[in-house]
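Student: Listed below are the residues making up each chain.
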Amino acid sequence: MADVNIRPLGDRVVVEPIEQETTTASGLVLPETAKEKPQTGKVLAVGLGRKDDDGDRIAMDVEEGQTILFAKYAGTEIKLGEKKVLIMKESDILGIVE
Amino acid sequence: MADVNIRPLGDRVVVEPIEQETTTASGLVLPETAKEKPQTGKVLAVGLGRKDDDGDRIAMDVEEGQTILFAKYAGTEIKLGEKKVLIMKESDILGIVE
Amino acid sequence: MADVNIRPLGDRVVVEPIEQETTTASGLVLPETAKEKPQTGKVLAVGLGRKDDDGDRIAMDVEEGQTILFAKYAGTEIKLGEKKVLIMKESDILGIVE
Amino acid sequence: MADVNIRPLGDRVVVEPIEQETTTASGLVLPETAKEKPQTGKVLAVGLGRKDDDGDRIAMDVEEGQTILFAKYAGTEIKLGEKKVLIMKESDILGIVE
Amino acid sequence: MADVNIRPLGDRVVVEPIEQETTTASGLVLPETAKEKPQTGKVLAVGLGRKDDDGDRIAMDVEEGQTILFAKYAGTEIKLGEKKVLIMKESDILGIVE
Amino acid sequence: MADVNIRPLGDRVVVEPIEQETTTASGLVLPETAKEKPQTGKVLAVGLGRKDDDGDRIAMDVEEGQTILFAKYAGTEIKLGEKKVLIMKESDILGIVE
Amino acid sequence: MADVNIRPLGDRVVVEPIEQETTTASGLVLPETAKEKPQTGKVLAVGLGRKDDDGDRIAMDVEEGQTILFAKYAGTEIKLGEKKVLIMKESDILGIVE
Numbered sequence: 001m002a003d004v005n006i007r008p009l010g011d012r013v014v015v016e017p018i019e020q021e022t023t024t025a026s027g028l029v030l031p032e033t034a035k036e037k038p039q040t041g042k043v044l045a046v047g048l049g050r051k052d053d054d055g056d057r058i059a060m061d062v063e064e065g066q067t068i069l070f071a072k073y074a075g076t077e078i079k080l081g082e083k084k085v086l087i088m089k090e091s092d093i094l095g096i097v098e
Numbered sequence: 001m002a003d004v005n006i007r008p009l010g011d012r013v014v015v016e017p018i019e020q021e022t023t024t025a026s027g028l029v030l031p032e033t034a035k036e037k038p039q040t041g042k043v044l045a046v047g048l049g050r051k052d053d054d055g056d057r058i059a060m061d062v063e064e065g066q067t068i069l070f071a072k073y074a075g076t077e078i079k080l081g082e083k084k085v086l087i088m089k090e091s092d093i094l095g096i097v098e
Numbered sequence: 001m002a003d004v005n006i007r008p009l010g011d012r013v014v015v016e017p018i019e020q021e022t023t024t025a026s027g028l029v030l031p032e033t034a035k036e037k038p039q040t041g042k043v044l045a046v047g048l049g050r051k052d053d054d055g056d057r058i059a060m061d062v063e064e065g066q067t068i069l070f071a072k073y074a075g076t077e078i079k080l081g082e083k084k085v086l087i088m089k090e091s092d093i094l095g096i097v098e
Numbered sequence: 001m002a003d004v005n006i007r008p009l010g011d012r013v014v015v016e017p018i019e020q021e022t023t024t025a026s027g028l029v030l031p032e033t034a035k036e037k038p039q040t041g042k043v044l045a046v047g048l049g050r051k052d053d054d055g056d057r058i059a060m061d062v063e064e065g066q067t068i069l070f071a072k073y074a075g076t077e078i079k080l081g082e083k084k085v086l087i088m089k090e091s092d093i094l095g096i097v098e
Numbered sequence: 001m002a003d004v005n006i007r008p009l010g011d012r013v014v015v016e017p018i019e020q021e022t023t024t025a026s027g028l029v030l031p032e033t034a035k036e037k038p039q040t041g042k043v044l045a046v047g048l049g050r051k052d053d054d055g056d057r058i059a060m061d062v063e064e065g066q067t068i069l070f071a072k073y074a075g076t077e078i079k080l081g082e083k084k085v086l087i088m089k090e091s092d093i094l095g096i097v098e
Numbered sequence: 001m002a003d004v005n006i007r008p009l010g011d012r013v014v015v016e017p018i019e020q021e022t023t024t025a026s027g028l029v030l031p032e033t034a035k036e037k038p039q040t041g042k043v044l045a046v047g048l049g050r051k052d053d054d055g056d057r058i059a060m061d062v063e064e065g066q067t068i069l070f071a072k073y074a075g076t077e078i079k080l081g082e083k084k085v086l087i088m089k090e091s092d093i094l095g096i097v098e
Numbered sequence: 001m002a003d004v005n006i007r008p009l010g011d012r013v014v015v016e017p018i019e020q021e022t023t024t025a026s027g028l029v030l031p032e033t034a035k036e037k038p039q040t041g042k043v044l045a046v047g048l049g050r051k052d053d054d055g056d057r058i059a060m061d062v063e064e065g066q067t068i069l070f071a072k073y074a075g076t077e078i079k080l081g082e083k084k085v086l087i088m089k090e091s092d093i094l095g096i097v098e
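Top to bottom, those sequences are chains R, H, P, Z, G, A and X. Take the numbering used here: the final residue in the first sequence is number 98, and no numbers are missing along the way. Take the numbering used here: the final residue in the second sequence is number 98, and no numbers are missing along the way. Take the numbering used here: the final residue in the third sequence is number 98, and no numbers are missing along the way. Take the numbering used here: the final residue in the fourth sequence is number 98, and no numbers are missing along the way. Take the numbering used here: the final residue in the fifth sequence is number 98, and no numbers are missing along the way. Take the numbering used here: the final residue in the sixth sequence is number 98, and no numbers are missing along the way. Take the numbering used here: the final residue in the seventh sequence is number 98, and no numbers are missing along the way.
The set of hints was computed from the structure by calculation and includes no laboratory data. Keep in mind that a hint or two might mislead.
[Unchecked claim] Stretches of chain A that chain X covers, calculated by requiring three or more beta carbons in the stretch to come under 8 Å of a beta carbon on chain X:
1) 44-56
2) 61-69
3) 83-97
[What the hints assert, rightly or not] To give a feel for the contact side, a few chain R residues facing chain H, derived at Cβ under 7 Å:
4) D52
5) D53
6) I58
7) D61
8) A71
9) I93
10) L94
11) G95
12) I96
13) V97
14) E98
Cβ atoms here follow ideal geometry from the backbone N, Cα and C, with glycine treated the same way.
Work out the full structure: start from the sequences and follow the hints.
Tutor: Spelled out as structure tokens, the structure:
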């Protein structure tokens, strides 16, 4: 989390997808295409929140470090050095895994 | 209900679908594909409600433990360990079964 | 009306469709497919009304027991024991038959 | 107008379409399909008006008995005994014929 | 303008299209289909204006008698006796020719 | 600018497109079809601004005489005597060239 | 940044895309078509912000000189002398690179 250097705008969050286990019971490693697209991720950075019609910020419901569930195909994929992260709107987050 | 560990965001609820009886009168067990998609479920967890334009929460109309009716194909299916649950918005809930 | 056990959410109502006469002048009973989809129904249950942007309820215009006209294909069909009922939004109701 | 027994909901009105003259100059009566769909009608009943976001009614601009112009294909056709009427929203009414 | 007998509803106006010159330099009269659809017209009647969310009228920007420019295919064509007029919303009016 | 006789309505502006140089380095004049559609123009006239939900005008950000950039295919083309002008909404203007 | 002469309107920003490295490890320079469309850019100019429903400006979240991430295909491409810049809305900006 230390080297994150994107400050998401508005009600956006930067999320690092958590890859599902790709080694099957028999020890086979599945190729990339056989893996299901992950729907859980760790929140790396949180925007300040969107502004309402009077220009006031609406506080965000998620915090840095939380593990979240998100809708399939949510967000935009961005390369952050070697790792791929997603920038999505808070409204694409379904829930927080506790 | 004890092992639920998803806190739904905003006006979302976590719902465990209630499978329709799949044993016919003659005792035949219907295969998965012959079953109608369930439209009733038990509410496992309830979000804090969506925020209105001033950032205030609007209270939810459903509570944990209630049996609800929901629109076909409502929500996103999530695997919660072995069981499949749905995360849907309160607006997808048609009514409460009493 | 006594055995209704669905409490519709928000501005939804539970409606029991009133089947059109299906016996023709000559006494023939028309098969199901030849019947026109009914557009009148009896209101079985009424929600508390939708919440406005401040979270206040907006009162409903229909009441339990009224006969209503509704748009074709309005609402979601739900089986309530043996009978089929519709859950629809008040905005799908065209008028009240007096 | 005496036997109207539908109370339209919200900002809806019940309109009886006025059939265009269907006898041509030469005295021929045109068959149903050759007639242009009428776009004028008499207002039979008027709803109380839609509720604004605070739940207050917004008064209607049309009154029972007025002759109106409406957009082609506006409204839902309903059989009122023998005659066919239209239930439409006030926003589908283009103007009042004076 | 004297015999206009339509009172447009809300923010609508009744407009009489001004036909473009259809006689060419060489004196040929162009057939109907070769004429460009007119985009200028004379305002015959003006509605009282649409109601805002509190039910108050918003005053109209155009007046009876003005010549206006309007978007192609704007409005609904209505026969007013022998002449064809358009009923359009004020938002379809691009500008006033002075 | 003197002979402009269209008063644009609401938040619309009348813009005279500025043709890109069509003479190439070698002196060739490019035919019409080879020219890129211009995206800069001079503001000939400015509306009073759109009305907000209370009926108050919202002031315009552009002024007569300014050179503007606009989105391709923005606005409606109108013939003003011999010259073609565009009537577009202020929201189609990308920026002001200074 | 000195020679920028576009003042973006409303909540728009002028962005100079930052080309990705196009020289591969082996020293090959990739042709234009093989390059990925850049998704980072430098903010050259910032609008005054959009007006809310009361006509008040909502302050912008980005500043001149910042490096931003933006959605693929965001904005409109404009030639500014020799260089191509993008004019986009602030809502197309995903985050600020720090």
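Student: Holds or violated: the hint that I96(R) contacts chain H, with Cβ atoms closer than 7 Å.
Tutor: 5 Å, holds
Student: Taking the closest Cβ pair, is D61(R) under 7 Å from chain H?
Tutor: OK, holds: D61(R) within 7 Å of chain H, min 6 Å.
Student: Quick check: do three or more residues in the stretch 44-56 of chain A have a beta carbon closer than 8 Å to a beta carbon of chain X?
Tutor: holds (count 3)
Student: Less than 7 Å between beta-carbons is the criterion; does I58(R) satisfy it with respect to chain H?
Tutor: The hint holds - I58(R) has a Cβ within 7 Å of chain H, the shortest such distance being about 5 Å.
Student: Can you verify the interface hint for A71(R): is its Cβ closer than 7 Å to any Cβ in chain H?
Tutor: 6 Å, holds
Student: Go through the hint on D52(R) and say holds or violated, using the shortest Cβ distance to chain H against 7 Å.
Tutor: Holds, because the Cβ-Cβ distance from D52(R) to chain H comes to roughly 5 Å (cut-off 7 Å).
Student: Minimum Cβ distance from I93(R) to chain H below 7 Å?
Tutor: 5 Å, holds
Student: So, as I understand it, the hint says E98(R) touches chain H; can you test that by seeing if any CB pair is closer than 7 Å?
Tutor: 5 Å, holds
Student: The hint names L94(R) as touching chain H; please verify it with the least Cβ-Cβ distance against 7 Å.
Tutor: 5 Å, holds
Student: Next item in the hint list is V97(R). Is there a CB on chain H closer than 7 Å to its CB?
Tutor: 6 Å, holds
Student: Hint G95(R) vs chain H: min CB-CB distance below 7 Å?
Tutor: 4 Å, holds
Student: For the stretch 61-69 of chain A, do at least 3 residues have a Cβ located nearer than 8 Å to some Cβ of chain X?
Tutor: holds (count 3)
The earlier numbered hints are all upheld by this structure, with none contradicted.
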